[in-house]
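Please model the entire structure based on the sequences and the hints provided.
So the protein sequences, as listed, match chains A and B.
No gaps in the numbering here: position 342 of the first sequence is 375 in our numbering, and each next residue is one more.
No gaps in the numbering here: position 68 of the second sequence is 151 in our numbering, and each next residue is one more.
Keep in mind the hints are simulated off the structure, nothing from the lab.
Heads up, some of the hints might be wrong.
Simulated crosslink set (EDC-like; lysine to aspartate or glutamate; CA at most 16 Å straight-line) [as the list claims (entries may be wrong)]:
| id | chain 1 | residue 1 | chain 2 | residue 2 |
| --- | --- | --- | --- | --- |
| 1 | A | K256 | A | D157 |
| 2 | A | K171 | A | E123 |
| 3 | A | K171 | B | E389 |
| 4 | A | K453 | A | E368 |
| 5 | B | K278 | B | D205 |
| 6 | A | K257 | A | D157 |
| 7 | B | K286 | B | E245 |
| 8 | A | K453 | A | E380 |
| 9 | B | K454 | A | E144 |
| 10 | A | K454 | A | E387 |
| 11 | A | K167 | A | E221 |
| 12 | B | K454 | A | E387 |
| 13 | A | K171 | A | E218 |
| 14 | A | K65 | A | E253 |
| 15 | A | K171 | B | E390 |
| 16 | A | K281 | A | E459 |
| 17 | B | K453 | A | E123 |
| 18 | B | K278 | B | E228 |
| 19 | B | K286 | B | D365 |
| 20 | B | K453 | A | E144 |
| 21 | A | K145 | A | D245 |
| 22 | B | K206 | B | D305 |
| 23 | A | K171 | B | E427 |
| 24 | A | K399 | B | E186 |
Given next are the chains, with one letter for each unit.
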Amino acid sequence: MRSLLLIFLLLGCQMALGAAVVTEYRLDNGLKLVVKEDHRAPVVISQVWYKVGASYEHDGITGVSHVLEHMMFKGTDAHPPGEFSRIISENGGSENAFTSKDYTAYFQRLEKSRLAVSFELEADRMRNLHLQDKEFQKEINVVMEERRLRTEDKPTALTYEQFLAAAFVSSPMRIPTIGWMNDLENMELSDLQAWYQRWYAPNNAIVVVVGDVEPEAVLELAKKYFGPLQPEEIVPPKPRLEPRQQGKRYVNVRAPAEVPYTVMGYKVPVLRTAKEDWEPYALEVLANILDGGDSARLTRDLVRGSQIASSAGAGYDLYDRQAGLFLLDGTPAGEHTIAELQQALFEQVLRLQETLVDADELARVKSQVVASDVYEQDSSFYQAMKVGQLEAVDLDWKLADAYVDRINAVTAEQVRAVAKKYLLEEQLTIAELDPLSMEAGRTPRSGSTGGDDEH
Amino acid sequence: MNTRPAGMLPGFICRLLLCLSVVPAAHAMPDIQHWVTDNGVRVYFVPAPELPMIDVNVTFAAGSVRDDGQPGLALMTNTLLDMGAAGLTADEIATRIESLGAELSTSSLREMATVSLRSLSDKSHLAPALGILADVISRPNLDKEDFERERERRLVAIRRSEQSPSTVADYRFFQSVYAEHPYAHRVSGTEESVKALKLDAVKAFYKRYYVARNAVVSIVGDLDRKAAGALVEQITGALPEGERAAALPPVPLLKQAEEDRTLHPSTQTHVLMGAPGMHRGDPDYFPLYVGNHILGGGGLVSRLYEEVREQRGLSYSVNSYFSPMEQDGPYLLSLQTRNDQVDEALAVMRKTLRDFVDKGPTEDELVAAKKNITGGFPLRIASNSGIISHLNMIGFYDLPLDYLDTFNDKVTAVTQQQIKDAFQRRVSPQTMVTIIVGGEEQVSSGIAEPD
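Quick look at the structure:
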């Protein structure tokens, strides 16, 4: 019989996330449990997060985290392939799973009294997955179809994949979550077995429950189902920090397409790596000054103003596990060229470095953040996502609570400071999609085998 | 707020494409309040005091079915609404809305053209946001310069859509299934039809269809009935009464099977198979809905998923669905597979469909499907966004106000025999359209099936 260690937070054991109460526990096998009460409806969201994803992988086995996610539906000794999904379905539930560079997560959404159904099945497959070659041979084909659907046949996705692989030389940020096709073609069941053994354990997992539940009752259920599971010795991945970029990089992607596209990124820190912890929040504000809606600069100035862009965007993820990129992308309008669009984007960067953003713009971004914080509470799934995404990269879920205040504290000077410090040409990677004629391309392509897939 | 660049991969990938549908929360079925304003707007309202926010959705019967020989006209009109109104420019509208933290959006489909607003519910935020919504609906500028710019953007979007084998397949599917019917042409229009659009036609379209009697307003949020009444008056009071759009013509049945192959420079071939299916309020709605859930609608558990993906690993995404509309919307089965496997995958899909139509579901399948649908239904209408999408559907298609209350009972009442009977009358595998878009020139297997 295992006892449980209650984690006490700063002001007792409960804190508010948004309007609701959050309670946090850790079982003595290391499993972390976060329960958020949302009593609006008799519904519960249950998510199990594992600290593993593409950024934990290395060359030769890229995509293994995601393939394993697929195989997690292929049975244990207690439940043959397909039974997991049948049981959830018959309980009125819906379910799915997702893999990113930093985590792999599984979820169900159920009527509140059915939470035990989820816990029993998830606990079983956390340690007792029965990886079978027969199932693997079929599922690896499904994953290759998924890669064709998401990447091979989408010229912008193909461009983005090549872009990331060029922007990062050593950091695993370069690895596509779906995996390179050739690695998928050569993946073996033993790769999956080793990966499962290494990462799927209670001390590498976070269970997040959001809904019309009582935290103590959820804890009792977690004890019952997850409590008996044995922990594993978890060896964290090596740091694999990216060496400093020494100059601008340029990638040209030729693929059958109708319209050109460009994406560019500057190396920037994230919350986990920033020496000054306000900087990631200033970069968030910067992203929203450029692309926080139809009144933001890229749409206002480039789409409606100069009409150089048909569409343009900016993006930044402050919660990544490793240092990442500040992204800009777009498609030129009408007769305008990719070069003109890139020049217009550079001018936007220059303006941010030279001139303080207007007080009105800053106020607009802050109003949006405050309002979004309310709107997000309409989705209990999203609430659970916020907790899981942070905990999965060893950030405290309470940072989500602090987000509005941190954004509100950002000044125009700080926005200019991060623009000057990080949006540097020598830290830039630019990719452009150079469309090949769709007509000329109407011949079969060979995928990645043999390295002869260039046209 | 969107901080992810357009066209970029999402940060994670799902086991199924549909994994991020909105998730919900509401105890009993929502209590729908309905009234009609003096000028003829139909209103549907559900109070939701839990969160300090309000969703408003204004939908007009002004989708592409009203294009009348000018494909793309309905969408262009809808797009221009928030590109300037009551003398404000697009920049000014966007700045005012976003400074309030509100979200204003437009969308236009085959039947519905919508303007939606999400706002905080306190008066200092809500009142100015509603003022802008009123202007956008009732006093759009429909300015020449905005029109020319948005037309250019539309042309780029149309060209970009031609890159996607799934979009190309979708275009061809609707064209083949609906031929001369207003459902046939693409919502965006074609390069030729969009180039030919005239601003005068946009103005005439707006004047005809953006009128009170052609509008449905849905509201969910932190306000009471009296405030909802005032809200509707504020946003639609200035609309002329006008007239409701005419009923759409019925959809003719397909007379014979048709197979259409298009070469595309892709590594996968996309297959769409189907025919006209059913309409909103259809007497066969429940048997067809529950039956399809078993055949290909049930997420990770369905016959098509089992046969095509789980047993053979042929496709990542495989499913089937009815898309009920005012008239018979499509019944559609779809998959994508490596180019050289398309004939095998298509044969499996056809055999699975034919078996189901011939024999119907098993008792076990029916029991399991009912448990999933009835157990999952409350979850679909638990969030404000889940409720408002159902309100909009109920209002637009004149469905009964007890639609949500009776939904589970009607699902529970469906029998094996009803499903078999409805599928045999309404789904004919022998007269379906099959659209195949992919990267390799191959000889058709015709409609032959495996033995």
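Right, here's what the structure says about each hint:
no.	hint	in the structure
1	K256/A <-> D157/A	holds (13 Å)
2	K171/A <-> E123/A	violated (25 Å)
3	K171/A <-> E389/B	holds (12 Å)
4	K453/A <-> E368/A	violated (32 Å)
5	K278/B <-> D205/B	violated (44 Å)
6	K257/A <-> D157/A	holds (12 Å)
7	K286/B <-> E245/B	violated (29 Å)
8	K453/A <-> E380/A	holds (13 Å)
9	K454/B <-> E144/A	holds (12 Å)
10	K454/A <-> E387/A	holds (12 Å)
11	K167/A <-> E221/A	holds (12 Å)
12	K454/B <-> E387/A	violated (62 Å)
13	K171/A <-> E218/A	holds (12 Å)
14	K65/A <-> E253/A	holds (13 Å)
15	K171/A <-> E390/B	holds (12 Å)
16	K281/A <-> E459/A	holds (5 Å)
17	K453/B <-> E123/A	holds (8 Å)
18	K278/B <-> E228/B	holds (15 Å)
19	K286/B <-> D365/B	violated (35 Å)
20	K453/B <-> E144/A	holds (15 Å)
21	K145/A <-> D245/A	holds (6 Å)
22	K206/B <-> D305/B	holds (11 Å)
23	K171/A <-> E427/B	holds (15 Å)
24	K399/A <-> E186/B	holds (14 Å)
Hint violations for this structure: numbers 2, 4, 5, 7, 12 and 19, all remaining hints satisfied.
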